[in-house]
Amino acid sequence: MSPDFAITLVYIGYALAVLLTFGAILTWVERKQAAIMSDRIGANRAYLRIPFTQVKLVWLGLFHGMADGLKLLLKEDFKPVTYDKLGYALGPWLAFTPVVLVFAVIPFGGTLDPGALFPSLADWFDGRTYPMQIAPLDAGLLVVFAFGGIAIIGAMLAGWSSSNKFSMLGALRAGSQLISYELVMGLTVLGLILIYGTVDLDAMVRHQSGTVLGFLPAWGIVYQPLAAILFLTAGIAENKRIPFDLPEAESELISGYFTEYSAMKQGMFMLSEFIEIAIIAALFTTLFLGGYNLPWLTDAGFVFPGGATFELGHGAVVAIQVVTFLAKVFLLCSFQILIRWTLPRFRWDQLLGFAWKFLLPLSIANLVVTAVAVWALT
Amino acid sequence: MSLETLLLYFFAAAALAGGVLMLIARHPMRVALALISSMISLAGIYAILGVHVIAVFQVLIYVGAVMVFMVYVIMLLDVRDPAFLERYGRAVVPSVAVAAVLSVALGAAVSRGRIMSADYLAGLHSNSMAASFEVQPFSVEFLERYWLHFELTSVLLLAAVVAAIAVVKAGRRHDG
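If you read the sequences in order, they're chains A and B.
Counting from 0, one number per residue, gives the positions in the first sequence under numbering that gives the first Met the number 0.
Counting from 0, one number per residue, gives the positions in the second sequence under numbering that gives the first Met the number 0.
Calculated from the structure, these hints are not laboratory results.
Incorrect hints may have been included.
Claimed, not checked - Partner residues aside, some chain A positions facing chain B, computed with beta carbon under 10 Å:
hint, residue
1, Leu19
2, Ala23
3, Ile151
4, Ser175
Where a beta carbon is used, it is the ideal one built from N, C-alpha and C, also for glycine.
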């Protein structure tokens, strides 16, 4: 096994672990945060009992996610007499897989030098360094949108093949909503591409590692505050969550395009939705919040404005970068859940009008202003 | 046999299988799915050849845009026109003839080794070739040398739109 292959395997393992953990933790965060926001106690029933004792571990209801997972796995996998068996079987996979694959191009840390971290393996790695990213592609941002398109097909296929009027309506809504908001999302990042001059996500993050005006971190949100807001709005809409949850509005459509799915198939739709919260947060972090960059942290350690420095070893820098990325992602996930429990649901015509008549002109205006500014400054 | 060659054969087989299924399948949604799998396999082949940008555009444009709309339309219209229930349409003889001519032409080209010679493939896989297909050189080349061809394609699309409207109008007149 070559060192490159080993590192890639480690990265893939890390990505899967992070995404599935986020998927599981966010179900709990969603419950507990909603409870705190509405002044309730929230999830506190599921517990693990230490064998042969009466000690019950509740841990703030953290085991509810585990109980959910078990329930979904053990439930009867009810199969309706479907319109199209192939589409019904493919639907959950086409909705789930692209969401997870997007993480492949997101850089979750700076440069890793495995030889410096593990001196005993230094000969094997032979001084090679690796960017902490599964697929360091120069077309990274385009990959994100390419996979987004496949996920739309998954939702539509699931709704269509269920042969249920509610599913069908949900699928139609999902299709038109996702197409509209993906357009907005694409237009908002164009401004960033103009500024950074690249679509390589790792290069984008490296662009954001400096400072502007001597003290502000050079994050995308500083250059493009409007685009950041538009991107997050479109991202939440891509995620099909309140206030944009029309495709699965439970008071209108039961659960929309996955009404006819049960057990773990339904669980995959749920999980892909929760993982997508983390993916949207990771994308936003990468594009607008400097990715793994902590202000004033360089590869050698902290360099504070004013000249004070604080040197750190390679291991500490890597650990800080990875933790910084995860912390930013988690805070943004929590912010998305905050929005989900704050705003009421749009009406259908309002939802599409919001995308085409409000967000789209704003993002085009943002793009034009950015283009003029970039042209004037260079 | 290296992993890349293995994957190349896998994606080539998948692309072919998708193409064949597209011809055999009768329900429009199955046809669309077969086309999607064929296109994604083609993207896989491009990625193995090292031209990631082409692979990404293949998925982004053909799957993310074209096929999404196709699936949307098939879903929206569902199946009002039961023509797909008949195994053969009226155009079966001319289409088989065209397919035969096309496959003979392609087969001749391949057997003469102009498309798939080993040297040519090795050249495709070399790093210099892949480097000219990175985002920046590719886009500069595209906008400086091929912009006219690209714009001409849009004329072709306009013609297709006009033709589609004409077909729809003709069908309406027939009904009414």
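Practice task
Quick one: which hint numbers does this structure break? Sort them smallest to largest.
Solution key: 1 and 2
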